[in-house]
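So you can see what is in the structure, the chains are spelled out below.
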Amino acid sequence: MTQPIVDVNGVVKDYGQNSVVTHALRGVSLALMPGEFTAMAGPSGSGKSTLLNMIGALDRPTQGSVEIEGRDISAMKDAALSRLRRDRIGFVFQGYNLIPVMTAFENAEYVLMLQGIAPDERRRRVLAVLDQVGLAGMEKRFPRELSGGQQQRVAIARAIAPEPALVLADEPTANVDSKTAQSLLSLMRDLNDKGITFLFSTHDPAVMEKAKRLVTLKDGNIEDDEKR
Amino acid sequence: MFAKTAWKNLWRNRRRTVITVTAMALGLALAIFFIAWGEGVYSRLIDQAVRLQAGHITLEAPGYLDAPAVDLTIPHANRLAAEIAALPDVERVKPIVLGQGMAKSGADAVGVVITGVLPSAERAASPIVQNMKEGRYLEDGDHALAVMGTKLAERLDLMPGKKLVIATNDVSGNLTEVLCRVAGLFETGADEVDGYYVQVPISFARKVFNMPEDQVTQLGVVLKNPDLQRRVMAEIRALVPAKEAVVLPWQEVMPEVASYIRMDSASNWVFQGILLFLVLFTIFNTVLMSVLERRREFAILLAIGTTPMRLATMVFFESVFLGLLGCGMGVLVGAGLSWFFNVVGIDMASLLPEGINISGFAVSTKIFTKLSAGIVLVPAGLVFAAILLLAAIPMRRAAKTRLAENLR
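Protein chains in written order, with our numbering: chain H, 1 to 228; chain S, 229 to 636.
Just chain H, with the same shape it has in the complex (with noise of 0.2 Å):
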């Protein structure tokens, strides 16, 4: 039997302490199959991006746990969960994230350059990604050269030039126009078919239409899981 990429097992997260508490989790279980295309819907301080850090690895559960690839993360060191984090995660940010003084290319061999590997290397696979998410040419411009949509392009690139078993999208297409939206959606659909994981938060019908799987959260618990 596979082995799911992320498996929650009663997670639950508090913020704040003492008299004011504020109960994002409330005890959610989930696991995520490898090749999924999952999508996380829910009102705002419905849990979405807290649920999203918890898997991310961003962030510790106040109570049970989070395995990511076999791994429970809340046993892990800092050190270790950024390790995993760069080998095994890739993130796409709400506002692209990119760094400013960075080229696209830069931007994109970011995540290689701290796994180690060699120039000529690194040079290869970002220009195939960047070719693959529609970037080709574009690879000396820095984010103020380019489009909100080219500059979630470049964040996707970033997300998956390491080659991570899952990439995490924090409302990917929140800041940009809906046929940018669309195009960025097809392109981690097409990314999806190629056999990386997705499991993204979003608001957008639009993209809840086009995801594998709903996830549907309220008031920190998953009222409904949808697989299409």
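It is possible that part of the hints are untrue.
Below are the DSS-like pairs computed for lysine-lysine, each with C-alpha atoms no more than 27 Å apart in a straight line [said to hold, decoys possible]:
1) H:K194 <-> H:K218
2) S:K594 <-> S:K379
3) S:K452 <-> S:K598
4) S:K379 <-> S:K332
5) H:K210 <-> H:K194
6) S:K452 <-> S:K435
7) S:K628 <-> H:K77
8) S:K628 <-> H:K140
9) H:K140 <-> S:K236
If you anchor each label on the Cβ, the simulated ranges turn out as follows [said to hold, decoys possible]:
10) H:P34 <-> S:W239: 39 to 45 Å
11) S:I621 <-> H:K179: 44 to 50 Å
12) H:R123 <-> S:A620: 31 to 37 Å
13) S:A494 <-> H:R144: 34 to 40 Å
14) H:R123 <-> S:F499: 51 to 57 Å
Since the hints were made in silico from the structure, they are not lab data.
In this text, a Cβ means the ideal position worked out from N, Cα and C, and glycines have one as well.
Please build the complex by placing chain S on the supplied structure of chain H, with the hints as guidance.
Coordinates of chain S only, in the frame set by chain H:
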């Protein structure tokens, strides 16, 4: 790549970086300049003092420093002077006979310092020779002649060619009175010198004090390079039997000058330290601000796999580059300014018409800054080291960036 990114980060807010680097460079340049200025004044003061008195290194009879008296003399002074003069770092040796007495004229009588000198040894660089106002300075062949300050001459109502009586106790303690004539008047600008100092040929001084021919109270050694004082002292000590003479640095012979320089130098360094502290505060503020502004960006970098240590290293490089730029420019400007005024000098005569008088010694109003590697590199090194130390706080802040909080 981290160094390259750090360099690029520095120029993200070009105006802020330029202002910070300029403030740092200006602060450091001013500190270097004022230290060089102070050292220039001290150097000139020491030079004037040692040339007027008993050199960078002084030989005296044991006990003379504590209780100066004309009967405490160095024997075989001529031979010793010749041996010391032969040392490679010695510019000249000044034989001196120093005593107290009264200078008397028909108008008044004033207690004075009587200094017997070898005129040819003084002629090249003595402040007295350089500041003769009337008459002439002494010659080696002169005998019953004296030069004195204009203020003393005024009190005694004397002028060149007039007679003067010097009264004192000789080496045996007997009272002596000797007649001489005024050869010339000098005006150094220092009241203590111009009002109470009489210089006579050494042969005449020996006669006044009834001192044997080959003896002196002091041998003053003027060095080619004052920085070699310690080494030359060791060389001289090897030549002189300890029971005949002690070898002293000018700092012990003129402690008031040495303590003035120590105090003034310390306050100068403290003042420059305060200036640099303010500059460092600006730099610290810049680096910290730039870190706090980029919390989200740092969170992204950490999220995609950058370790906190690598992130801190990048911030460290930013401080290093900022420090190198600021210190580099500060050193260039500070050293350049100091070098320029080391060559050209600054004439303070219009600001200080009464002259500069320190510890009883008149210093020329034309100040030449003193430039050395230490004057330039010590403040620059301290500033750079402080920048690196101060970088620890922004580095820590960057490394401790909270991921989830800053990615919201």
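Please write out, lowest number first, the hints stated earlier that are contradicted by the structure. 1, 6, 8 and 13
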